[in-house]
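Protein sequences appear in the order of chains A and B.
Each step along the first sequence adds one to the number in the numbering used here, with nothing skipped, and position 47 is 47.
Counting the second sequence from 1 gives a position; the numbering used here is that position plus 1000.
Take the hints with a grain of salt, since some may be wrong.
A few chain A residues facing chain B, derived, Cβ under 8 Å [to be verified]: (1) Phe-12; (2) Pro-43; (3) Ala-48; (4) Phe-73; (5) Gln-92; (6) Gly-108.
If you're looking for bench data, these hints aren't it; they were derived computationally from the structure.
Beta carbons: idealized from backbone N, C-alpha and C, even for Gly.
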Amino acid sequence: GQQLNQSPQSMFIQEGEDVSMNCTSSSIFNTWLWYKQDPGEGPVLLIALYKAGELTSNGRLTAQFGITRKDSFLNISASIPSDVGIYFCAGQPVSGGTSYGKLTFGQGTILTVHP
Amino acid sequence: GAVVSQHPSWVICKSGTSVKIECRSLDFQATTMFWYRQFPKQSLMLMATSNEGSKATYEQGVEKDKFLINHASLTLSTLTVTSAHPEDSSFYICSARVPGRDSQYFGPGTRLLVL
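Full structure from sequences and hints, please.
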């Protein structure tokens, strides 16, 4: 089945630094989604990408849907302590068949921000 | 918009009892909802796809008689863990697919502890 490789697994940064994480897939995706999960909570959707090459921002967050449709990255600029959490990428396979609507998740990136 | 709620947020039960978890889309109708399970420091694992008005589709290795899913309306899906055992203790999260889009919004999760 499809697998997403998310890296890095964890990051320890100073407040104010920029952060970059990415996901790669062995197959093509229609949609890339980036989520943040705080401890004991459900994932919160940060950015949704629907077209190859699409670059979308949400405040200090910027994400891009790779041209090959097999990768995506998420950047966080000027990190602050509340950015701490686990960030997951998720991909929506090409529509149709039994995979329709299902998301494939990356392993997550644990972000720690030191004040 | 796109708010999903879950109830209860946490539950403790004795081994052998059944537990029902509700997932509601509050401001949109969701023909498709998903149920995930998450272990500490791991990614989300899809258990089943819940379709309004039809039977749920279970992922390989998930016992359908153990995890009963009912999606009786466009805003409510329920997951019942039958005859719960300690190994069923986990964080259960639902998501709802926004009609016409490939993005999913997650509920806040339900922490289940089986003694």
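We went through each hint and held it up to the structure:
The restraint placing A:Phe-12 at the interface with chain B is violated, with a minimum CB-CB distance near 16 Å, outside the 8 Å limit. Annotation: interface hint on A:Pro-43 holds; nearest CB of chain B at approximately 5 Å, less than 8 Å. Proximity of A:Ala-48 to chain B holds as hinted, the smallest CB-CB distance being about 4 Å (cut-off 8 Å). Among the interface hints, the one on A:Phe-73 is violated; its C-beta lies about 18 Å from the nearest C-beta in chain B, farther than the 8 Å criterion.
Against a cut-off of 8 Å between C-beta atoms, the interface hint on A:Gln-92 holds, since the closest Cβ of chain B lies about 4 Å away. About 5 Å separates the beta-carbon of A:Gly-108 from the nearest beta-carbon of chain B, less than 8 Å, and the hint is met.
Going through the hint list in order, the structure does not satisfy hints 1, 4.
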